[in-house]
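Protein chains in written order, with the numbering used here: chain A, 1 to 451; chain B, 1001 to 1395.
Calculated from the structure, these hints are not laboratory results. Note that this is a predicted model, so its numbers are computed, not measured. Among the hints, erroneous ones may be present.
[Stated by the list, open to error] Computed beta-carbon distance windows for the label pairs:
(1) Val222(A) with Gly1383(B): 37 to 47 Å
(2) Arg321(A) with Arg1037(B): 41 to 51 Å
(3) Val1188(B) with Ser354(A): 45 to 55 Å
(4) Leu336(A) with Ala1348(B): 26 to 36 Å
(5) Ala77(A) with Ile1380(B): 22 to 32 Å
[What the hints assert, rightly or not] Computed list of lysine to any residue pairs in SDA-like fashion (alpha-carbon distance at most 20 Å, straight line):
(6) Lys219(A) with Arg25(A)
(7) Lys1328(B) with Ala1340(B)
(8) Lys1296(B) with Arg1391(B)
(9) Lys1328(B) with Phe1369(B)
(10) Lys200(A) with Ile1027(B)
(11) Lys219(A) with Asp285(A)
(12) Lys446(A) with Asp285(A)
(13) Lys200(A) with Leu1023(B)
(14) Lys200(A) with Leu1026(B)
(15) Lys200(A) with Ala1340(B)
(16) Lys200(A) with Leu1070(B)
(17) Lys446(A) with Lys200(A)
(18) Lys200(A) with Arg1147(B)
(19) Lys200(A) with Ala1031(B)
[What the hints assert, rightly or not] A few chain B positions that, by computed beta-carbon distances, are all more than 10 Å from chain A:
(20) Ser1194
(21) Arg1262
(22) Glu1282
(23) Ala1298
(24) Pro1335
(25) Ala1374
All C-beta atoms, glycine included, are put in the ideal place defined by N, C-alpha and C.
In case you want the letters, here they are:
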Amino acid sequence: MNLAAFESWLVAELMDLGNGAFEARHSLFAHVVLYGALGTALGIALAPLDRRGREWGLAALSVLMLGLLGSFQIAAAATLFSLLFFGCIERVPGRSGTIAASGLAALLLAYPAFLPDAWLAGNTGQMREFWAFATNVWWLRCVAYLIDRHWRGIAPRSLREFLLATLFFPTFVNGPIETTEQLAAGRFAGPAVETWADLKSWLRAAWPLLGRLLLGCSKVLVAGFYLGRANDLIFATGGEAVTAQRLWLWTFELYFQFYIVFSGWSDVAIAFGRLLGFEILENFDRPWRARSVAEFWRRWHISFGVWLRNYLYIPLGGNRRHGSLNVLAVFLASGLWHVWGALKVLGLDAYPPSAWLGFVAWGLMNGLAVLAARWWDEARGLDSLRATLRLRLPAPLRLFSARLFAFVFVSVAWIPFFLPPWIGLDKCGEIFWRLFFETSWRVARKLGLPV
Amino acid sequence: MGRETSNQPPRLHGVPQRGPRMLLGLIGLVAALLLGRGIFGLEGRAVCADDEAALLVANDAIGWSFAPGLTASVRPCDLRASDVGVRKDWAPGLNASVRPCDRGFAAPLQINAEGLADQAWPSPPRSDEVRVLVLGNETADGLTVARQDRLSTRIALLADRTLGLRVAGINATIPGYSTAEERRWLDVLGPRFSPAIVVLLVDAERDLAAMLWPPRPKAATTADTDADDIAPASGLLDLAGLGGLISEAPILDDATAVRIERGAPLLDPADRTKALGLLVAEVRQLDETAQAQGAKLAILIVPPCPRQIADTAASDESLPEIEPGLCKVLEAVAPCTNLAPAFEDLAAAAGGDELCTPATNRWGRDAHFLASHAVWDLLISAGLWPEGVVRGHRL
Chain A
1 MNLAAFESWL
11 VAELMDLGNG
21 AFEARHSLFA
31 HVVLYGALGT
41 ALGIALAPLD
51 RRGREWGLAA
61 LSVLMLGLLG
71 SFQIAAAATL
81 FSLLFFGCIE
91 RVPGRSGTIA
101 ASGLAALLLA
111 YPAFLPDAWL
121 AGNTGQMREF
131 WAFATNVWWL
141 RCVAYLIDRH
151 WRGIAPRSLR
161 EFLLATLFFP
171 TFVNGPIETT
181 EQLAAGRFAG
191 PAVETWADLK
201 SWLRAAWPLL
211 GRLLLGCSKV
221 LVAGFYLGRA
231 NDLIFATGGE
241 AVTAQRLWLW
251 TFELYFQFYI
261 VFSGWSDVAI
271 AFGRLLGFEI
281 LENFDRPWRA
291 RSVAEFWRRW
301 HISFGVWLRN
311 YLYIPLGGNR
321 RHGSLNVLAV
331 FLASGLWHVW
341 GALKVLGLDA
351 YPPSAWLGFV
361 AWGLMNGLAV
371 LAARWWDEAR
381 GLDSLRATLR
391 LRLPAPLRLF
401 SARLFAFVFV
411 SVAWIPFFLP
421 PWIGLDKCGE
431 IFWRLFFETS
441 WRVARKLGLP
451 V
Chain B
1001 MGRETSNQPP
1011 RLHGVPQRGP
1021 RMLLGLIGLV
1031 AALLLGRGIF
1041 GLEGRAVCAD
1051 DEAALLVAND
1061 AIGWSFAPGL
1071 TASVRPCDLR
1081 ASDVGVRKDW
1091 APGLNASVRP
1101 CDRGFAAPLQ
1111 INAEGLADQA
1121 WPSPPRSDEV
1131 RVLVLGNETA
1141 DGLTVARQDR
1151 LSTRIALLAD
1161 RTLGLRVAGI
1171 NATIPGYSTA
1181 EERRWLDVLG
1191 PRFSPAIVVL
1201 LVDAERDLAA
1211 MLWPPRPKAA
1221 TTADTDADDI
1231 APASGLLDLA
1241 GLGGLISEAP
1251 ILDDATAVRI
1261 ERGAPLLDPA
1271 DRTKALGLLV
1281 AEVRQLDETA
1291 QAQGAKLAIL
1301 IVPPCPRQIA
1311 DTAASDESLP
1321 EIEPGLCKVL
1331 EAVAPCTNLA
1341 PAFEDLAAAA
1351 GGDELCTPAT
1361 NRWGRDAHFL
1371 ASHAVWDLLI
1381 SAGLWPEGVV
1391 RGHRL
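Only chain A is shown next, with the shape it has when bound in the complex (with noise of 0.2 Å):
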């Protein structure tokens, strides 16, 4: 390429670039953004008030912005349900409470069937997502407090800290999905600066926070012009149409992407958060250093696994009675959230029960990905081996094969999860097929071995 074609092409891609950025302010990430701004300087307005007067106004804030990022409908409908659900827990007694508040969380599950159109009308044209993202994480927020109040004998919160924690706008839409109880741990004086050295220490504090906010934007937008752009091809013919290497980048590409757009989205909230005077939960702590399966899931998603555990793990029994069917079902139930996202947007016309199975065949193989984990880790008849391979093996070797081999089956487990409705899982069999037996089966050609 010589300098006037270079400089052609250069001109051309940045044009792009602009034209693209230009086109995502109009984008449900862009106006979280936005919105969230405005909302967190008027949270910071509130400085003036005392802690109480301070979160009310905050609460008042997430409810607002859900009217500016959804709509009026939708902001009154969240707050009244909101209102009714703590009314269940804390002012019903007993049983009755109980069944109430459970009755309410069933039909926020079930409300894609009965919401009005007109209540996804919004300033945004991705209004279906922001309320399917939104309802998945406040859903799990509302069940948190009803097992917290009920099963795990917690003590109750005002109405103030369920309202502010349910609602907060800087996590509503995406997460860290915070409980009631982590939100309250987690909060600090933020802005209520009491002496001039306090706010200095607050703006230098804010300027790290800023450029986390920035990163996140970033993130998010330049994932979304340059990975993925292969994805419906590869899916479509079952990665037919690429070579082996490009499947084999293709398949890190997917695992990339999502973790560059989704702590993009992190950065963003838990950046607000502390501006309000919030220790937002970090939602990543380096995936790729996992050295298994199971502990990648420690790393990634990190509100959502703590979730899990707290909520359905553990009460199913953890480790101590079914533990492996309790892994099982967690990951399914990973899964079958995803779907319920996935039908809020799309409707079950154009998400039928056939293409749910890309997010549950993801979450088995996670879950039984986890279970060979642990039995290899804990079977005895494996002790022998497992000695062997440490004193044959150095440490170093041993520790970038387990976080090579953890980050490969993550990545090839991405392959179902990202699988578009419209398509076949047996698209993703394919794909698995190209990516194992035909590159082994080449590879060991070239080797000249007989095959």
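Starting from the known structure of chain A, arrange chain B on it as the hints suggest.
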């Protein structure tokens, strides 16, 4: 998974004062005002979808276009559901009341420097880019749907850029245009975009009427516009409206704003036959203009919105049916396909709720979707795509 504490400001000792909190509160308030203003700048004023005076400006060279550089949020016109004279005019014999807008929408609109509802397009195109120019009227301009759902964008998205050339779809649809204005636009501004393919959307009833009663721009003033009457489509606080109030931005430029006066529908069979002859001649000239620019022409007969217009015209036995046979006539000039059967199939199978945006005369998402596939199928079957364009695997 522990909580990070590095960002927590250390609590310093000292005498608590009100000053720092007040100052921080003030900083927050100022930041909120600036952000509110910025968001308004990005979202623009709320504009009613059918409020032409707020959208269109006069243009000496091409008659009229969208107001260049306009940023707005297009909202439903349900407040004016009783005042949809244009649509009633266009439904001969239609007595049924126009369906009120039962489903809101709020679509962002950005007009580029050339007065098109589209992004900025560099001139000349990239070496690996095939440009498809879509000419038409408000039916398919996509103002009431998200940009990614518009016909021109969907045509581009259906190409596989990883295996073949990139396809750029340019949205040159302008409210009130008929075939004559589209030809003039292509003649004057077409070379700037270097199209390889021109897709002409023919709105049969309107384009026929325009042959005898050409649409004319009429100067409009702020008093004519409905922009200030639009209730927030959603949200507790309509930032677009509030921002407009704060900035006191003018709703429209009284010197250039226009409304389009359209002729009445043709009800006389002799008029319709005469208009058909003129329409074919106009399309032929448009084809010659396209060819002079190195572009190939394809024609799509588009069903109008609301759908009662087509239904009513078709049910009036005194009128010669134009739409079904129009494609056959125009095929003598360029490859043509009629989208009406696809509309009917979808309406029969799934109700067709999203074919038209309620209470407007614009297509909804499903219509743009069907049209994009129809255009691709037509261009493939007629062999109009340049070598190197590959159809992608997406819906």
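> Under the criterion that the straight-line Cα-Cα distance not exceed 20 Å, is the pair Lys200(A), Ala1340(B) satisfied?
Replying inline: violated (67 Å)
>> Does Asp285(A) sit within 20 Å of Lys446(A), going by the straight-line distance between their CA atoms?
In response: violated (40 Å)
> Is 22 to 32 Å right for how far apart the beta carbons of Ala77(A) and Ile1380(B) are?
Replying inline: Cβ of Ala77(A) to Cβ of Ile1380(B): about 47 Å, so the range 22 to 32 Å is violated.
> Is Ala1298(B) truly not at the interface, in the sense that its beta carbon sits beyond 10 Å from all beta carbons of chain A?
Replying inline: holds (24 Å)
>> Checking one constraint from the list: CA of Lys200(A) to CA of Leu1026(B), max 20 Å. Satisfied?
In response: holds (15 Å)
>> The output says Pro1335(B) does not contact chain A. Does that hold with a beta carbon cutoff of 10 Å?
In response: About 27 Å separates Pro1335(B) from the closest Cβ of chain A, which puts it past 10 Å; holds.
> Is the straight-line distance between the alpha-carbon of Lys200(A) and that of Leu1023(B) 20 Å or less?
Replying inline: This hinted pair holds, its Cα atoms lying about 11 Å apart.
> Against chain A, does Ala1374(B) keep a CB gap of more than 10 Å to every residue?
Replying inline: It holds; Ala1374(B) is separated from chain A by about 19 Å at its closest Cβ, greater than 10 Å.
>> Holds or violated: Lys1328(B) and Ala1340(B), Cα atoms, limit 20 Å.
In response: Between Lys1328(B) and Ala1340(B) the Cα gap is close to 14 Å, so the pair holds against 20 Å.
>> Assuming the hint says 45 to 55 Å, is it satisfied by the Cβ distance from Val1188(B) to Ser354(A) or not?
In response: Holds, since Val1188(B) and Ser354(A) (Cβ atoms, about 52 Å apart) stay within the stated range.
>> Would the non-interface assignment of Glu1282(B) survive a Cβ cutoff of 10 Å against chain A?
In response: holds (33 Å)
> Does the alpha-carbon distance linking Lys219(A) and Asp285(A) stay inside the 20 Å limit?
Replying inline: holds (16 Å)
Of the numbered hints stated above, those contradicted by the structure are hints 2, 5, 9, 12, 15, 16, 17 and 18, listed in ascending order.
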